[in-house]
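Knowing the structure of chain A, use the given hints to seat chain B on it.
Top line first, the protein sequences correspond to chains A and B. If you want my numbering, it's the 1-based position in the first sequence plus 9. If you want my numbering, it's the 1-based position in the second sequence plus 3.
Take these hints with a grain of salt, some might be off.
[Claimed, not checked] Here chain A is said to cover these stretches of chain B; the calculated rule only asks that three of the stretch's residues, wherever they fall, bring their Cβ under 8 Å from a Cβ of chain A: (1) 49 to 59; (2) 68 to 81; (3) 204 to 214.
Honestly, the hints are just simulated from the structure, not real lab data. In this text, all values refer to a predicted model and were calculated from it rather than measured experimentally. Each residue gets a CB set at the ideal place from its N, CA and C atoms; glycine is no exception.
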Amino acid sequence: MDGNTAVAHVAYRVNEVCAIYPITPSSTMAELADRWAADGIPNVFGSVPVVQQMQSEAGAAGAVHGALQSGALTTTFTASQGLLLMLPNMWKIAGELTPTVFHVAARAVATSALSIFGDHSDVMAARATGFALIASANVQEAHDTALLAQAATLASRVPFLHFFDGFRTSHELNTLTLLTDEQIAAMVPPALVRAHRARALTPERPVIRGTAHNPDTYFQTREAVSPYYAAVPATVAEAMDRFAALTGRRYELVEYEGAPDAERVVVVMGSGAETARETVKALAAAGEKVGVVQMRLYRPFPAAALVAALPTSAVAIAVLDRTKEPGAAGEPLYVDVVAALADAAGRGERTMPRVVGGRYGLGSKDFTPAMVQAVFRELARRDDAGRCAARNGFTVGIHDDVSGTSLPVDPEFGIESPAVTRAVFYGLGADGTVGANKNTVEIIAEHADLYAQGYFVYDSHKSGAQTVSHLRFGPAPIKAPYLIANASFVACHQFGFLARQDVLGVAAPGGVFLLNSPHGPDRVWHELPRPVQQAIIAKRLRLFVIDATRVAADVGLGTRTNTVLQTCFFAISGVLPRDAAIDRIKAAIRATYAHKSDAVVQKNFAAVDGTLAHLFEVDVPAVATSPHERPPAVPPTAPDFVRRVTGPLLEGRGDELAVGLLPADGTFPLGTAAYEKRNVSDEVPLWREDLCIQCGQCAFVCPHSVIRARYYHEDALAAAPPGFPSAPVNARGYPEVRYTLQLAVEDCTGCNLCVEACPATSPREPGVKALVPGPKAPRLARERANLAFFAGLPVNDRARVDFANVRGVQFLQPLFEFSGACAGCGETPYLKLLSQLFGDRAQIANATGCSSIYGGNLPVTPWTTDAEGRGPAWSNSLFEDNAEFGLGFRLAADLHLDRARTLVRTLAPRLGSELADAILGARQAQESDIRAQRERVAELTTRLARFVDEPAGRGDERARRDAEHARELLSIVDHLVRRSIWIVGGDGWAYDIGYGGLDHVLATGRDVNVLVLDTEVYSNTGGQASKATPLGAVAKFASAGKRVARKDLALQAIAYGDVYVAQVAMGANPQQTLDAFREAEAYPGPALILAYSHCIAHGIDMREGLAQQDLAVASGYWPLLRFNPAMRTIGENPFRLDSPRPSVPFKDYAYNEIRYSALARTRPEEAARLLASAQAAVTAKYRQYETLAALDGSQFAAGVQRLVATTP
Amino acid sequence: MDLTTRYLGLALANPLVASASPLNADLGNLRRLEDAGAAAVVLPSLFEEDVEAESARHDRLTRAGAESVAEALSFFPEPPPGDAGPRYLDLVRRARAAIDIPVIASLNGATDAGWISYARAIEEAGASALELNVHFVPADLDLTGAAVEQRYVDIVRHVRAMVSIPIAVKLGPYFSAVGHMARSLAEAGADGLVLFNRFYQPDIDLARLALAPDLGLSAPHDVRLPLLWLALLSGRVPASLAASSGVATADEVVKYLLVGADVVMTTSALLRHGVGYMGELRAGLEAWLAARRFGSVAQVRGLMSQRNLHDASAFERANYVATVHGRRG
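One chain only, chain A, in its complex shape:
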């Protein structure tokens, strides 16, 4: 069981209300609560908890506060920014002495960069709220502490924040002893529950809370709570005693482990404590006088218990914090420990040791025994006078070449027992490696009489993502919350990985290397890169190969090699007897698939049975013979930053990057995705120039900007590689112009949306279109040469491209390319279009979500620049504030434009009035206008530079002032070219957490363009329902089907009257999409585009995404519309319905998607009822739109004419 499940299991059972909102890595707890409630599972009080999704964590905290005030036992689950949004309510809840436990999968707080990974910066930001803070170090502790905290909060009335390390504990699978419901119930005495209820607000015994105080009383009220806090440590200790009596598992507030006479001690909390304790055991056993103090209760700070736990022999203490508090005297735990010791020393209870603080493990940076040892070595350093010379404010686990804080770590140091099997598996998300390994952990934990641990490291790409599984099995509990560095078993499930990264770096000498290889046992050695051969020989590895891909394909499992490779693992590792292992694998297969399909079960059985005949051990030669070296991840010609930073990241060596190589303020260059040739798909489309009608549909819909079109003079072909495809451009009047459609096949994900979109079919070859999918390998070399030549062809002049139709857009360079979004993503084509139309003058505020991850998650970014170096300036602030963030862009741009215009006017006499007038009066509507303005601004810049450089004569006040004005104008001169401000985000942002801000920004009348990539679900966090989720659809947080219709954000925005609103679906009508983007951008006020984005979370075959968009529109579910307030100026109805009346029933659209059909499989009557409601809602909505569209222009108020008329 993982940590999240272990915690949710308890939290669900001891609460009556859960207010939830998704945030990684805590979402699982909320999802489980929702599902259990949907399944009617009761808590230990016999009722089914109410699980209520809210619009944000701030909303969840408010609902929690209210439910608590009304006497319900209430909880919530969160992390990171989510916890920060809860802070104001936490102060209230604590101030009112209200018992509750918030469960936090502790995660880094976004600074210059977002991190979804674990550290304590979020919980440390909550330490002043008045919540008690209690930490867990592992899965079992998290499970148990969830209950201890509940017991303690009810007894003490002080609310608790229970935290455990995000991912490291929340997502680690480990053997767990589950608490029984009886044990859980025994820890929450009914009397305390009743006492909580008795404090509830009730009109029968009314009281007032939440009063406001004057200076005379506020201070005293703050002090009135003190006795409650003073009692908390004892209350927790008492709960721990009772818990020990019930379960046999004993915990202390503060726990010491190590030599009784330790001289060097580490103080730490969270999972790091487990690593430190195991390391101390090993060091102490070797005779070192070291110890560790594990802090469990952190607030109220148990100073007495801490001082008591620290051996008096300790002369050097290192306090380790998993957070950074820039500018502080030390990190929080360090400061607390120093204060406690100073106080004790001041009172003469003990001498004051040397206490230093250090940081480790931020953002889930691995924290290993070697790092613990490094800390102890630092504590052992002495100066000439024999005093402890350990540095304060050190770091461990990184190389800090900037401030010199980092400690040297011995990479050879390790403490792992030889009795533990350690296995590392490299796989792809799509091949089932992680699922199989989770399964393996379960099999071994249940049937091999062994303890087991599983931890999984994921890529940040959504397509073709690599996964690395770390599995340990052993006869004793596995207490090793860090990655495996010495694996006795390494499996590489994708042969291609060998060429990209050092897969065998983790292999221990004498271990086993299992390779999924298309090359058989006779050939495989010759196909291995030389460094792999060398590692196998040097480490004396046994090499096994299997063509798992073929075995899986032969039995009909496609690319799912998991069953085959899992069987290999058991066969080679001997963790279980072979036959027993096969029986267990089959039992697991049956359990996983039996309720779905016997055929799937049989296929997997066939895979298991067919495996061993294809598994071979390879004789390892004595010398490495391969001529293939591992090529660098990026070419030597790449820019310096890409070579020094991006390259190591792509090779999986990011941990080795020194501090000095990384930007201090989070500023990164664009265009790096182009260096990452991921080769995700073995099958790519081939262009048939003889069939192509050059319509541009394929390039328009390609989610990964892989398809590029150019026209050029035929003379350019003289230098083309042989066979370079081209066709005469099929426009009249260009007899010497050729056209080529070029695919960047190494960046293609094989999604086939282009093939689906292609309207050109062969008149002679059945089923053949102008794009034909086929194997990539035989064409790779040729396509590379073609692409290189194509890249050298002149970029088509934007001023000569017709922006007004899809056909023209194909010639505009995408400034968003090769993102790691899901293959066939429904969002990215819209972003690509945005970048093509306006990218060279766009500034983009991007809400947190899928688009901020595939847009801005290291190692690379798909946002890029044109040949002149211009491109979208992109930034992500938060999830909740994106509209406001983007509005800030506009405010600054407007201000600077205004100031720049003033300065141009001021300087006009010196600049020349012709240039000044031209700049000030520029139209800037068409691309040719923009081009002309850029040229004027360039000329302006040149002239301004001259003033600045001219030496001002003494007393020439005017010249001095002009020079100053010129300098100022140069600093904002960019704004004279019309800037396009875009606010981009998903529906979770626009409909839920960011709605208040979005609404406000739309109401400002400012010229911002809002693009909502509407997947109707929280896609990035794994498919939780949003207010955009349609009626009847199943999503997480709506596992029984959504019961209310989606919010009509379009109509809400239309209600303002002066907001341009469009609802688009590229797959249904690309031209309408294009028109909407152009109109929105041209509209001088706020504009909102709701873009239907098919998504993997809809449960569709992504290649059918465009067809589904078409059906969404054809069914009337997603009517295409545009509301253009500018139409009023010509007396027209601003509301235009762009799609015809529904022509298919809603069901024909909906039931192609698992999100709808899933319910029909499990609860058919309910599904039928919801379907009928959904159809009725669709019909009613369409009628409403039709009525609006039928009004004539005179019926619309002319209030916005002012806006339209007055904007330049």
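For chain B alone, kept in the frame of chain A given last:
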């Protein structure tokens, strides 16, 4: 007028049965059919492909993208257990509750595999009988006719062992020896035979150069082949006989009864004219019987079967030869 008949051991008020079609998935239609005089209904088929392919698709799509990205280890709530089966069982249950006439469930498949395990679940859901629609296109050129026949027999035998409700087999006409096949199926445990299944026969879209998988409605001339075989089988195989295909008016109903059908099934006529058309078929049958002063269906059933005709060769080659010669003449 006594229109009663027996089919699969079920006593029916008349010989008109609404055969498997999408119409019958709607409870309102089922009620209207009952009101219009249908004696029994066959529910739309639970397709083997629905069971296997749909559940495989469900499995594939709910798993797509799972375990790839740290933030989204899955995209759906725990995959709900289920496949097309439970939905179908629910239809069986609801149909049974909605109408009083027998409800015959239909399984459509071609392999002797896991899908037939639904037979038992269908029985438990309350189906009055089960129709096995073995729709098998032997596209494999290595497959012998004997092997194909054995496949049919095996499926029937397995299902027979699994359920105690009556079983009908809907088969196609493309056997070397339809009569022997019919008898083999009856011996394997089929309580009734439905003649005939209409195989998938795609057309070609010349504009798109693509197959057009259109399953057109049957027409009156489609009665000929079933008519022939019903006449030949009537009274000679230990199984009920149902006629299917080509029923446009009451005339075809009468013809089928005359050659020995116990019941006559129709879908095309109902799709063309609506489910209420069942009433017109019934009225037409009654009118025909009354006009010739028959008092019951039993009196006409098999009247013109091979066994009852004075000229037993009428349905055999001699008549064919005569017919061809007659044409020439």
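Here is how each hint holds up against the structure:
1. 49 to 59: holds (count 4)
2. 68 to 81: With 14 residues close enough to chain A, the hint holds.
3. 204 to 214: holds (count 3)
The structure shown violates none of the earlier numbered hints.
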